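Position one of the sequence shown corresponds to residue 1 (my numbering), numbered consecutively onward.
Keep in mind that the hints are not guaranteed to be accurate.
[What the hints assert, rightly or not] Cut-off 30 Å, straight-line C-alpha distance, at most; resulting in silico cross-link-like pairs (DSSO-like, lysine-lysine):
| id | residue 1 | residue 2 |
| --- | --- | --- |
| 1 | K30 | K18 |
| 2 | K36 | K19 |
| 3 | K9 | K19 |
| 4 | K30 | K42 |
| 5 | K9 | K20 |
| 6 | K9 | K25 |
| 7 | K20 | K30 |
| 8 | K25 | K42 |
| 9 | K9 | K42 |
| 10 | K42 | K18 |
| 11 | K30 | K19 |
No wet-lab data here; the hints were simulated from the structure.
Note that the structure is predicted; figures quoted are calculated from it, not measured.
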Amino acid sequence: MGGTIHRMKELRQRRHRKKKLAVLKRRAAKASPSEKAVLAAKLRRMTPGAEVIIATMGLEEKR
Numbered sequence: 001m002g003g004t005i006h007r008m009k010e011l012r013q014r015r016h017r018k019k020k021l022a023v024l025k026r027r028a029a030k031a032s033p034s035e036k037a038v039l040a041a042k043l044r045r046m047t048p049g050a051e052v053i054i055a056t057m058g059l060e061e062k063r
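Please model the complete structure; the sequences and the hints are all you need to start from.
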């Protein structure tokens with residue numbers, strides 16, 4: 001039975017998430033308000049700690 005060790009899979013996902021986050025940060029720097037909402041939605045799907053990242057990046061105002 002092939003496959004990867006669970007820990008290795010987690011690490012690979014984490015590295016990929018880190019790269020993706022860097023791309024989203026670059027896009028957020030010059031994004032319009034509507035684009036920022038789209039980026040925030042993507043972050044929420046991508047990671048459980050998204051609300052902290054969204055607040056740090058300033059993608060959405062507090063309601």
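Verification of the hints:
1. K30 <-> K18: Satisfied, since the Cα-Cα distance of roughly 20 Å is no more than 30 Å.
2. K36 <-> K19: holds, 18 Å
3. K9 <-> K19: holds, 16 Å
4. K30 <-> K42: holds, 17 Å
5. K9 <-> K20: holds, 16 Å
6. K9 <-> K25: Measuring from Cα to Cα gives roughly 24 Å; hence the hint holds.
7. K20 <-> K30: holds, 17 Å
8. K25 <-> K42: holds, 12 Å
9. K9 <-> K42: holds, 21 Å
10. K42 <-> K18: holds, 14 Å
11. K30 <-> K19: At roughly 18 Å apart (the allowed maximum being 30 Å), K19 and K30 satisfy the hint.
Violated hints are absent here; each numbered hint is respected by the structure.
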